[in-house]
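One point on numbering: in my numbering, the residue at position 78 of the sequence shown is 80, and numbering is uninterrupted.
Since the hints were made in silico from the structure, they are not lab data.
A few of these clues could be false.
[As the list claims (entries may be wrong)] Pairs of lysine-lysine, DSS-like flavour, derived with a Cα cap of 27 Å: (1) K14 / K60; (2) K175 / K155; (3) K90 / K54; (4) K175 / K54; (5) K135 / K67; (6) K99 / K14; (7) K21 / K96; (8) K65 / K159; (9) K155 / K112; (10) K90 / K67; (11) K159 / K175; (12) K175 / K96; (13) K159 / K90.
[Stated by the list, open to error] Here are the simulated distance ranges between beta carbons: (14) G252 / S66: 37 to 45 Å; (15) E266 / E46: 25 to 33 Å; (16) G179 / Y227: 43 to 51 Å; (17) E87 / I45: 45 to 53 Å.
Using N, Cα and C, we set each Cβ at its ideal position, and we do this for glycine too.
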Amino acid sequence: PGGVITREDVMKFYEEHVKPKLAAQQAVPAAPVTPPAQVAAPIERIPLRGIKRRMAEKMAEAKSKIPHVYLAEEVDATELVRLRENLKRLAESKGVKLTYLPFIIKAVTKALKEFPLLNASLDDARGEIVVKKYYNIGIAIDTEQGLVVPNIKNADKKGLFQIAREIEELAEKARQGKLTLEDIRDGTFTITNVGAIGSTLGFPIINYPESAILGIHRIVKKPGYYEDRLEPRYYLNISLSFDHRFIEGGYAARFLSTLKNYLENPLLFLAQEEEFK
């Protein structure tokens, strides 16, 4: 009245015009929302067969049966680098490709004789530690077919150049898929050289039923102190995985320290002329 909009006017307008429209909208069901079609993510299934399947089974067995413990050491490899460089020409004259691995195998066999539990296995059924009096040193080789571990038989009785030749022969047989059972069986201790592909530190899985495995890593050049002088030095990380059921940490640490000493002073285990035949 008198041009003034009252509350009654608003309510009347709502009842006559707004409310019917709202009711009509609610009566019409909303169109269902169709979820976007699920697009399968691209995958590829690769059959696990042959060497790769066997290795997968062995790795799982090793981790489930062996309580692994790990240690690492930094080795001043300067003298080892120099010695190898000095011997390379002699090795080439005999048709030998001389890498660092033969030196490491020689040092390992010497250290194993001082710490025989690292060259042993555990006979669970009889509750006995089986200490091997022979030294068949396995070398892990990465091939297109998978990881294989042939071994150098009686490595402690062989010279440096002879071990180098056998490494080449086993590596070639591995690449061609021609390793025999004799090449692979009866290993006592394994070395894996991941430094050749750039790794600076890692802790490998033990090659069951052996009791330990040594990881060898990349040699790097960096400043270091020698006789109170700061100078360029070569350093190498080595790592040890061992079976803690019968190898105590202190025992393993002493083995690794002994091995470090041999690698830092390679003439301690290469004093005989037979090494270079």
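Worksheet item: Against the structure shown, which of the earlier numbered hints fail to hold, in ascending order?
Response: 1, 3, 6, 7, 8, 10, 14 and 15
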